[in-house]
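A.B. asks: Going down the list, the sequences are from chains A and B.
Each step along the first sequence adds one to the number in the working numbering, with nothing skipped, and position 182 is 182.
Heads up: take any position in the second sequence, counting from 1, add 1000, and you land on the working numbering.
Don't read these hints as lab results, they were simulated from the structure.
For clarity, every value in this text was computed on a predicted model and none was experimentally measured.
Watch out, some of these pointers could steer you wrong.
As the list claims (entries may be wrong) - Under the rule of at most 30 Å between Cα atoms (straight-line distance), these lysine-lysine pairs were calculated in the BS3-like manner: (1) A:Lys-168 with B:Lys-1158; (2) A:Lys-50 with B:Lys-1180; (3) A:Lys-50 with B:Lys-1049; (4) B:Lys-1180 with A:Lys-99; (5) A:Lys-168 with B:Lys-1184; (6) B:Lys-1180 with B:Lys-1049; (7) A:Lys-50 with B:Lys-1111; (8) B:Lys-1050 with A:Lys-50.
Said to hold, decoys possible - FRET-style restraints, in silico, Cβ to Cβ: (9) B:Glu-1112 with A:Gly-87: 30 to 38 Å; (10) B:Lys-1050 with A:Glu-225: 52 to 60 Å; (11) A:Val-279 with B:Ser-1107: 32 to 40 Å; (12) A:Ile-259 with B:Glu-1112: 48 to 56 Å; (13) A:Ala-221 with B:Glu-1140: 48 to 56 Å; (14) B:Arg-1005 with A:Gly-86: 39 to 47 Å; (15) A:Glu-49 with B:Leu-1176: 16 to 24 Å.
By construction, the Cβ of each residue, glycine as well, lies at the ideal position given by its N, Cα and C atoms.
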Amino acid sequence: MRELHVDQITRVVAKLAEETNFFLGEDVCRRISLCREQEDWPVAGDILEKIEENIRIAGEERLPLCQDTGMACVFLEVGQDVHLTGGNLEDAVNEGVRKGYTEGFLRKSIVADPIRRGNTGDNTPAHVHYEIVPGDRVKVILAPKGFGSENMSRIKMFPPSAGAEGVKDFIVQCVEEAGANPCPPIVVGVGIGGTFDRAALMAKQALLVPLEEPHPDEFYAAMEEELLERINGLGIGPQGFGGRTTALAVKIKTFPTHIAGMPVAVNINCHVSRHGEVVL
Amino acid sequence: MNEIRLEAPFSREKLKELKAGDSVLITGTIYTARDEAHKRMVEMLRQGKKLPFDIRDALIYYAGPAPARPGQVIGSVGPTTSYRMDPYAPVLLDLGQAGMIGKGPRSPEVKEAIVRNGAVYFAAIGGAAALIARSVTAAEVIAFEDLGAEAIRKLTVKDFPVTVAIDSQGNDQYELGKIKYLNKNRE
Ligand code: SF4
């Protein structure tokens, strides 16, 4: 049994909170510049250029890419041969969020109660998802999620008869209805199958997949490409002022489901598609 | 693309000249206010109280900045999604507000209020918050300090880059831009 002090988790969460808000993954940066090169609408090209300039400034000066530094979504993959010591794991995660958001001058966007509101002042609590995996390592993934795009996400419980066409139409419709609100160009995370909650979780986890990595199953890889093509034919464009680049990528995750159902969840992320991970 | 330079606060005559899709660089004074601040302002009006700043000819920026680092004027400060302020905007526009800066489409009621008052709705680039912060030269919290990021701030800006999203005649670039782009590709 390997021992790991939870202070290490705090340290890593704090570091990731800052870094994911200052720097985007190279896959995202590459996609944005590729889209700018391929853009056939001048306004759209101009906006993408400004977005790239923003990435440069944020990185050079260690400033938040976006003022909405999000709700901290933390995914912990805990090896079953690890013994965590020194305190409560979730408290350690929240301590990391508190530290990272305070020391990094990140915006505190969390309210204590969904209806009665009231800012918690330190961006806690984080949304934490745990998974127990084989081995003696702990993987910490942090994805700050902005709500301009989160608010445009949808879930629908389809009957199996809806088939692939029903699923695809729903995904495209979600993006069309979202329009300019989620700060396009967007990344579209899709979860198909499982249960109501599992579909939503998969949609969010799909946003963590490297953009240039196609789905391992050819059927879904083709669906990702077809959906991207259809979405970029909608004409919404960067910021909704027309153009080709409405989405940077469509990412799908699936899970077996019940004979009576076919849940589909769509989680939309903006071009500030932030996530980072550290293995301890 | 021609860029128009404008000084805020601006006259209705100048606003009338702006057309949906125009690129504008704004210089002058603007005020930040988002969800909670709007709720409170409309509540104050209902109670017959005075608003924390002169709404006439004012330009409201829908934004809640990240905290400023020591030595910084303001933290990253991009626009937030505007539709959440749709229930409050017509009341303020009817009191003489000149316009707002945000992102994303507006409701038919807001559009009507824009046309009725000769106001303008500008869009800033969502997510380009570090870039936008560079055009802010001074910032001061003037009301609702308890709201943190959501407090009302008076900003002095220089060449703040925006696009005319809905002009004073009600032309909507969120509809026009897409249609023009799709038509071009059909030719
Ligand atoms: S949707 Fe993304 S880019 Fe837009 S304001 Fe929110 S976090 Fe920023």
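A.B. asks: So, for every hint listed, does it hold in this structure?
C.D. replies: Now for the hints, and whether the structure bears them out:
{"no.": "1", "hint": "A:Lys-168 with B:Lys-1158", "verdict": "violated, 45 Å"}
{"no.": "2", "hint": "A:Lys-50 with B:Lys-1180", "verdict": "holds, 22 Å"}
{"no.": "3", "hint": "A:Lys-50 with B:Lys-1049", "verdict": "violated, 41 Å"}
{"no.": "4", "hint": "B:Lys-1180 with A:Lys-99", "verdict": "violated, 48 Å"}
{"no.": "5", "hint": "A:Lys-168 with B:Lys-1184", "verdict": "holds, 26 Å"}
{"no.": "6", "hint": "B:Lys-1180 with B:Lys-1049", "verdict": "violated, 45 Å"}
{"no.": "7", "hint": "A:Lys-50 with B:Lys-1111", "verdict": "holds, 28 Å"}
{"no.": "8", "hint": "B:Lys-1050 with A:Lys-50", "verdict": "violated, 39 Å"}
{"no.": "9", "hint": "B:Glu-1112 with A:Gly-87: 30 to 38 Å", "verdict": "violated, 57 Å"}
{"no.": "10", "hint": "B:Lys-1050 with A:Glu-225: 52 to 60 Å", "verdict": "holds, 58 Å"}
{"no.": "11", "hint": "A:Val-279 with B:Ser-1107: 32 to 40 Å", "verdict": "violated, 47 Å"}
{"no.": "12", "hint": "A:Ile-259 with B:Glu-1112: 48 to 56 Å", "verdict": "holds, 50 Å"}
{"no.": "13", "hint": "A:Ala-221 with B:Glu-1140: 48 to 56 Å", "verdict": "holds, 53 Å"}
{"no.": "14", "hint": "B:Arg-1005 with A:Gly-86: 39 to 47 Å", "verdict": "violated, 58 Å"}
{"no.": "15", "hint": "A:Glu-49 with B:Leu-1176: 16 to 24 Å", "verdict": "holds, 22 Å"}
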